[in-house]
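Converting from the sequence shown to this note's numbering requires adding 359 to each position, the first position being numbered 1.
There's no promise every hint is true.
Computed Cβ-Cβ distance ranges for the label pairs, DEER-style [claimed, not checked]:
1) 706 / 394: 29 to 35 angstroms
2) 714 / 557: 24 to 30 angstroms
3) 397 / 714: 29 to 35 angstroms
4) 394 / 596: 28 to 34 angstroms
5) 538 / 706: 33 to 39 angstroms
6) 616 / 411: 48 to 54 angstroms
Source of the hints: derived by calculation from the structure; they are not laboratory data.
Note that CB positions come from ideal geometry on N, CA and C, so glycine has one too.
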Amino acid sequence: MASSTIAERDERLRPSGVVRRLFGRPELGAVAGYLLVLLFFAVVARGTGMFSAAGILSFLEVSAQLGIVAVGAALLMIGGEFDLSVGSMIGFAGIVVALPAVEWGWPLWLCILLAFTVALLVGWVNGMIVSRTGLPSFVVTLGGLFVLRGLTLGITRALTGRTQIPGLRAQLEGDWLAPLFAGEVGTGIMQWLGEMGWIATRPDGLPLASGIPVSILWWLLLTALATWVLLRTRIGNWIFACGGDPAAARNLGVPVAKVKTGLFMFTAVCATIFALVQTLSVGSADVLRGQLKEFEAIIAAVIGGCLLTGGYGSAIGATFGALIFGTVQMGIFYTGVNTDWFKVFLGVMLLVAVLFNNYVRRKATEGR
């Protein structure tokens with residue numbers, strides 16, 4: 360009888376309500392925020408073409424490019440660390456690909472292999488310094504930000520006398536590997552939709568939206584991979600443990616240093632994928648490319664539910680954070696509003712997201 364009474368009072372045995380389970384989802388705020396953003400622009404940007412096939416693909420492409428980096432930033436933040444060198448890594452990786460391809464005639468596959476090798480090395484160095492010295496990752500990667508940007512500028516100027524490397528598209532014309540990062544898929548479907556009159560076409564009959572950029576596929580692939588790792592693998596449990604309480608995780612046998620180093624390496628790889636998409640799409644590299652992307656990626660992750668203290672968040676939430684970013688950026692363009700206001704929006708969204716995440720976290724844990 361006594362044990363029955365104790366069991367009835369033990370809250371761990373009570374079925375959790377739908378509301379509590381809902382508040383326990385890190386991406387709740389980002390999903391709700393994105394629905395509000397869509398509703399707002401559905402009214403304000405009505406008739407501007409924003410929600411045509413071409414308009415939708417335009418803000419999805421902007422979201423995808425940020426989302427590729429935001430997924431890596433989200434996993435690293437869940438693991439309790441930051442990487443402020445992501446933007447500089449983007450610029451550096453772009454130069455690593457373009458410089459040997461244009462100036463020395465290297466094949467693209469070798470340039471890409473070199474870029475990913477450098478990215479893994481940079482991520483490994485960041486992770487090892489943070490793990491071995493105990494210095495805050497904020498400080499370590501802030502130093503990396505300046506080192507990588509300086510190397511990008513110094514090497515490019517020393518070898519070419521310029522800060523840009525044009526001519527990449529002509530150099531790689533016909534290369535089989537380039538479409539994997541700068542091509543489009545579904546062109547036949549878009550052509551058929553145009554012929555059926557379901558999407559807008561040009562005077563020559565070709566659809567305005569010629570295909571789906573492969574950057575969107577990279578974004579979805581990385582999001583799915585990160586979500587699977589977080590929710591379905593032992594490594595995912597380790598990532599949450601490292602961000603929540605690294606000392607306790609270490610006592611339980613979690614290889615904290617290896618996990619965090621791996622996360623830094625994954626973040627650098629995501630930055631390199633972003634660089635490849637952008638460099639091969641534009642057909643040139645620029646030493647200043649990627650500036651401020653580290654902050655935009657962190658903002659997307661925070662909007663998506665990642666706590667600044669680590670141990671909580673999701674890749675899906677970061678994806679919706681990137682969606683909010685891309686939709687608002689292109690929505691401002693379609694409505695003709697001064698783009699200066701976009702920075703104001705980002706700052707407000709960051710503050711609102713932090714406050715909302717703290718509220719959700721309290722609701723999810725109250726009564727435990």
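Structure-based check of each hint:
At about 21 angstroms, the beta-carbon gap between residue 706 and residue 394 misses the expected band of 29 to 35 angstroms. Remark: the range hint 24 to 30 angstroms for residue 714 to residue 557 is contradicted by a beta-carbon distance near 42 angstroms. Roughly 22 angstroms separates the CB atoms of residue 397 and residue 714, a value that falls outside the hinted 29 to 35 angstroms. Taking 28 to 34 angstroms as the suggested C-beta distance range, the pair residue 394 and residue 596 conforms, at roughly 31 angstroms.
Restraint check, residue 538 to residue 706: a C-beta distance of roughly 38 angstroms satisfies the suggested window 33 to 39 angstroms. The hinted range of 48 to 54 angstroms is satisfied by residue 616 and residue 411, whose Cβ atoms lie roughly 50 angstroms apart.
Of the numbered hints listed earlier, those contradicted by the structure are 1, 2 and 3.
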